[in-house]
Each structure stands twice: as C-alpha cells, then as structure tokens.
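Heads up: the sequence lines are chains A and B, in that order.
Those letters in the first sequence? Residues 153 to 267, per the numbering used here, in order.
Those letters in the second sequence? Residues 407 to 651, per the numbering used here, in order.
Mixed in with the good hints, there may be bad ones.
[Stated by the list, open to error] Below, in silico cross-link-like pairs of lysine to any residue (SDA-like), each with a Cα-Cα straight-line distance of 25 Å or less:
| hint | chain 1 | residue 1 | chain 2 | residue 2 |
| --- | --- | --- | --- | --- |
| 1 | B | LYS638 | A | THR231 |
| 2 | A | LYS218 | B | TYR444 |
| 3 | A | LYS218 | B | GLY610 |
| 4 | B | LYS638 | A | ILE250 |
| 5 | A | LYS218 | B | ALA451 |
| 6 | B | LYS638 | A | VAL182 |
| 7 | A | LYS218 | B | PRO435 |
| 8 | B | LYS638 | A | LYS218 |
| 9 | B | LYS638 | A | ALA251 |
| 10 | B | LYS638 | B | LEU490 |
No lab work stands behind these hints, which were simulated from the structure alone.
All figures in this text were calculated on a predicted structure; none of them were measured in a lab.
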Amino acid sequence: MSIYGYLVAGALLLMGSAGIVASRNLVHSVVCLAVAQAGTYVLLLSVGYQRHSPAPVFGSTSAPTKRVVDPVVQAMCLTDIVVSATITSLLLALAIQIAKRHRTINPDELGALRG
Amino acid sequence: MNRTVRIWLFAIGALAIGTCLVIAFVGMPSFGSTFHPYRDMAIRAAVHHATANAVGSVNFDQRSLDTLGEEIILLASVVGVAALLRPAGDERESGPSPHARVLEPTRLLGYVMLPLVLVIGADVVTHGHVTPGGGFQGGVVVASGVHLLYVAGSYRALERLRPIPLFEAGEALGAAAFACIGIVGVVSASAFLLNTIGQGSFGGLFSAGTIPLLNGAVGLEVASGIIVLIAKFLDQAILLGGRGP
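Next comes chain A alone, as it looks inside the complex (with noise of 0.2 Å):
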C-alpha cells in the first residue's frame, strides 16, 4: 500500500494523545507523549524512504550517489529524538516535583492550585 508508513505515523499520534487524555497517571501520560512523537519518527522516515535503497552514508566501497533514502529528514529525526528525550527527562522532573509538594501523580487527582 502506498500510503501505509503514513497510515502508522497517524496512528501512533492518535495512539499516543488518546493515553494522554485516558491517563491516570502522570508518569503514563509522560509515555504516551513519547508514543505520540515517535509517530513524528514514522512520518519522517516515511517519507524520506525510497524502496531498495542504502543508508545515505558512502564510503570506500560504496561511490557516491542519488540512489539513497533521503537524508534531510533523517536529520531532522535525530533533532526530533533529542527534543523528546529533553521534553521526557523534564516532564519527568516536573511529575516527581507534583508527587512530592500533592502526594499523588493522578491528574483527576490534581484540581486545586497550590503555592
């Protein structure tokens, strides 16, 4: 199918933000965004994909050429990669900071603002 690697991206975001809203639980729902990014990684490397084509990486052996899958978007995955683990590793942060100050990470738990 032509348009499959697309079809899971999307999902993987759907997947991803339906965990976030169904969470009970601030350590899932930190996941669940990962999930949802991850479909940012589908997508991009789908499009970037040319069938029976080599990494876009060249050497002794193997010459220069265009014949490869598209290397800009696999840059921009690994931009994507790292700005989800540094929006993971804070989120993080933030949940434990919740659990000590209102001893308790369930967001339906959360209402009240506290100082």
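Chain A is fixed; fit chain B onto it per the hints.
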C-alpha cells in the same frame, strides 16, 4: 472536567484530525517513491564538502544553525531539570542503602562492558562524519556507559567516576565550543557556522572540514548533559528515596 466528557471530546477531535490526516496522506507522494528533490540537493552539498555521512552533513553543515538551537534546547532542559530536582529545604541526603546486593554475573558484565562502551562511544563521536553516528549518538552511548558502573552495583564508585561539577563545566564548554567554531566561520569567511577549513579527502578521518570538530563539541555536551541529568534523577531515587507517595 468529567472524565467521560473529556474522553468523548477527545474522540470527536481525534476523528476530525484522523480524517484530515488521511486526506493529506492520500495526496502525498507515494511511500517509497523515487521523488526526493531535497535528497538530491543535500547529497550534492555533502559530496561538495567531502562528507561521507550525508546525515552528518545535513546536521552539522547545511543546517548547523538548527543544531546549535538543538544544543541550546538540551542545555536548557538540563538546567531546568537541575532546578526542579534540587533538594528542598526539608530533604536530607540519606545515602544509598548499604544492603544493596548485585548478582556476581551482573557485576562482572558491568565491569567488562564499561570500558568497551566508552570506547565505542568515543568511536561513534570521532567517526561521525564518515560512518553512521555523530556527537548526539556517541554522547548518549558514553553517558550510558558510565552508568554501567551503577548497574554493576557501586553507587559510590559511580560518584567518584563522575564528579558532577566537572560535567556541568563540560556541558557548558561543549555548547561554547560549538558557538566558537561558528564564529571562526564569521572571521575566516563570511557566515556564522560556515564550513570553511580544509575539506580533506572524501571518506578519510580528516575530512569534511568543521563537521568532526562540531561532532566533538556536541559529543562533549551531550555526554556531560545526560550524565548530569541522570545524576539528578538518581539522587532523587537513591539519596532522597522513600519520601514520595
């Protein structure tokens, strides 16, 4: 908001977004096709600067300003985590439990793998412009390798191996080195982060101009940043442990 209402509201939104996505996907170039105009231009630019790893060329040559921004994001998040996870006034460090026991095979594997993983990480950083890899990947490998010492069961040894102030300085140094290499481009040529110095021969260790230098700076920053990041979380779990709900 009520949980049921929230889930129904999401279902409606998800249905709309899903429909829009499918409409967009149907109009995209088909999966695996040969139509990649940016690929053609990026490969030409990579070969022009004698860079065997085209992904590295995109990251550290063609889009190096974005990579500087990415590095600053990483730096900011490490600073943010350090600020969020500093010990509060009523918390005291209790020290790791002396009763922690580790299986002998785990301990052996940890000590055998530690030097191996560090060397692999250094290799991934230094050959980032000729083989798959680069500063980000290698930095993460090095940072993970250091924590094999913790898996091998000795938190105190880990603390001796990675003095945190040193790695905080290393992180700042990595970010500053990236910017300084960029300024060299301004001074020697015309543009920030321009890849100007000698390009070397295609596929050689000394090739691709500033890309290996930038890989080294990023490798230093990422390795130091991740080590500081994990240290903050480990401190929460081990030294201040047992206070959460």
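Each hint tested on the structure:
1. Simply put, LYS638/B and THR231/A have alpha-carbon atoms about 24 Å apart, close enough for the 25 Å limit, and the pair holds.
2. Taking the CA atoms of LYS218/A and TYR444/B, the gap is near 11 Å; set against the 25 Å cutoff, the hint holds.
3. Under the criterion of a C-alpha separation no larger than 25 Å, the hint pairing LYS218/A with GLY610/B is consistent with the structure, at around 20 Å.
4. Taking the CA atoms of LYS638/B and ILE250/A, the gap is near 16 Å; set against the 25 Å cutoff, the hint holds.
5. Restraint check: the Cα-Cα separation between LYS218/A and ALA451/B comes to about 12 Å, which is no more than 25 Å; the hinted pair holds.
6. With a C-alpha separation of about 18 Å, the suggested pairing of LYS638/B with VAL182/A holds against the 25 Å cut-off.
7. Among the hinted pairs, LYS218/A with PRO435/B is consistent with the structure: their alpha-carbon atoms are about 18 Å apart, no more than 25 Å.
8. For the suggested pair LYS638/B and LYS218/A, the alpha carbons sit about 45 Å apart, so the restraint of at most 25 Å is broken.
9. Between LYS638/B and ALA251/A the CA atoms are separated by roughly 16 Å; this keeps the pair inside 25 Å, and the hint holds.
10. Under the criterion of a C-alpha separation no larger than 25 Å, the hint pairing LYS638/B with LEU490/B is consistent with the structure, at around 9 Å.
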